[in-house]
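S.K.: Going down the list, the sequences are from chains L and C. Counting from 481, one number per residue, gives the positions in the first sequence under our numbering. Counting from 77, one number per residue, gives the positions in the second sequence under our numbering.
Hints should not be assumed to be uniformly reliable.
Distance condition first, Cα-Cα at most 30 Å in a straight line; then the derived DSS-like pairs of lysine-lysine [what the hints assert, rightly or not]:
1) L:Lys-580 - L:Lys-551
2) L:Lys-502 - C:Lys-98
3) C:Lys-95 - L:Lys-580
4) L:Lys-502 - C:Lys-112
5) C:Lys-117 - L:Lys-551
6) L:Lys-580 - C:Lys-117
7) C:Lys-112 - L:Lys-522
8) L:Lys-537 - C:Lys-117
9) L:Lys-551 - C:Lys-112
10) L:Lys-538 - L:Lys-551
11) L:Lys-538 - C:Lys-117
12) C:Lys-98 - L:Lys-538
13) C:Lys-112 - L:Lys-580
14) L:Lys-548 - L:Lys-537
15) L:Lys-580 - C:Lys-94
16) L:Lys-502 - C:Lys-116
17) C:Lys-98 - L:Lys-580
18) L:Lys-522 - C:Lys-95
19) C:Lys-117 - C:Lys-98
20) L:Lys-548 - C:Lys-112
21) L:Lys-502 - L:Lys-551
22) C:Lys-116 - C:Lys-94
23) L:Lys-537 - L:Lys-522
24) C:Lys-117 - L:Lys-548
Since the hints were made in silico from the structure, they are not lab data. Predicted, not measured: the structure shown is a model, and the values here were computed from it.
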Amino acid sequence: GENVEQHPSTLSVQEGDSAVIKCTYSDSASNYFPWYKQELGKRPQLIIDIRSNVGEKKDQRIAVTLNKTAKHFSLHITETQPEDSAVYFCAASRMDSSYKLIFGSGTRLLVRP
Amino acid sequence: ETGVTQTPRHLVMGMTNKKSLKCEQHLGHNAMYWYKQSAKKPLELMFVYNFKEQTENNSVPSRFSPECPNSSHLFLHLHTLQPEDSALYLCASSQEREGPETQYFGPGTRLLVL
Chain L
481 GENVEQHPST
491 LSVQEGDSAV
501 IKCTYSDSAS
511 NYFPWYKQEL
521 GKRPQLIIDI
531 RSNVGEKKDQ
541 RIAVTLNKTA
551 KHFSLHITET
561 QPEDSAVYFC
571 AASRMDSSYK
581 LIFGSGTRLL
591 VRP
Chain C
77 ETGVTQTPRH
87 LVMGMTNKKS
97 LKCEQHLGHN
107 AMYWYKQSAK
117 KPLELMFVYN
127 FKEQTENNSV
137 PSRFSPECPN
147 SSHLFLHLHT
157 LQPEDSALYL
167 CASSQEREGP
177 ETQYFGPGTR
187 LLVL
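Bound conformation, chain L alone (with noise of 0.2 Å):
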């Protein structure tokens, strides 16, 4: 079946430094790759999302990369701060009449000032 396979599940860096974190998916028909961030406590919020028609999109610190053949995208995080401490999930999605989000089991990033 579908699948998302999300690594590292932690990740620690030190303020300022970059972060990556990497998911790849098994259905060749996803066309659609979001990624939200959950603080603790809190909701899961998207924070930048990517289309099958393009393979890199960036806001501000924050870029995503997509190789469809592949099957892999990833979250940069540039200059991290302290406040960017949380629960990153990626997901995928095909474009049907389902609108089916398959999510990855998720990063816990660490942000040491």
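Once you've looked at the hints, dock chain C against the given chain L.
M.R.: Chain C only, in chain L's frame:
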């Protein structure tokens, strides 16, 4: 933050109880979702409603019964739950057009089944 609301925020129930979770979206969206979030597990999609019609039931046990009376409201009726059903239940909504769009989540209901 108030676009999708959920009540109650916390719920403790026994295995023989019947309770309902409520979700309301104020974003004018046409699709609503129920997810289950357990510790150390990915977010699991439970149900999808598109224009009030259920379009997805992700092999969810019948002790969970969804109801969508209109495109703004979504309920999850619970009965004879098991302790392993204890989790954070998240509602989400989106405005679906020709393909998948951003899903906006509610704050969740943290459920404990004793």
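S.K.: Hint by hint, which ones does the structure fall short of?
M.R.: 2, 12
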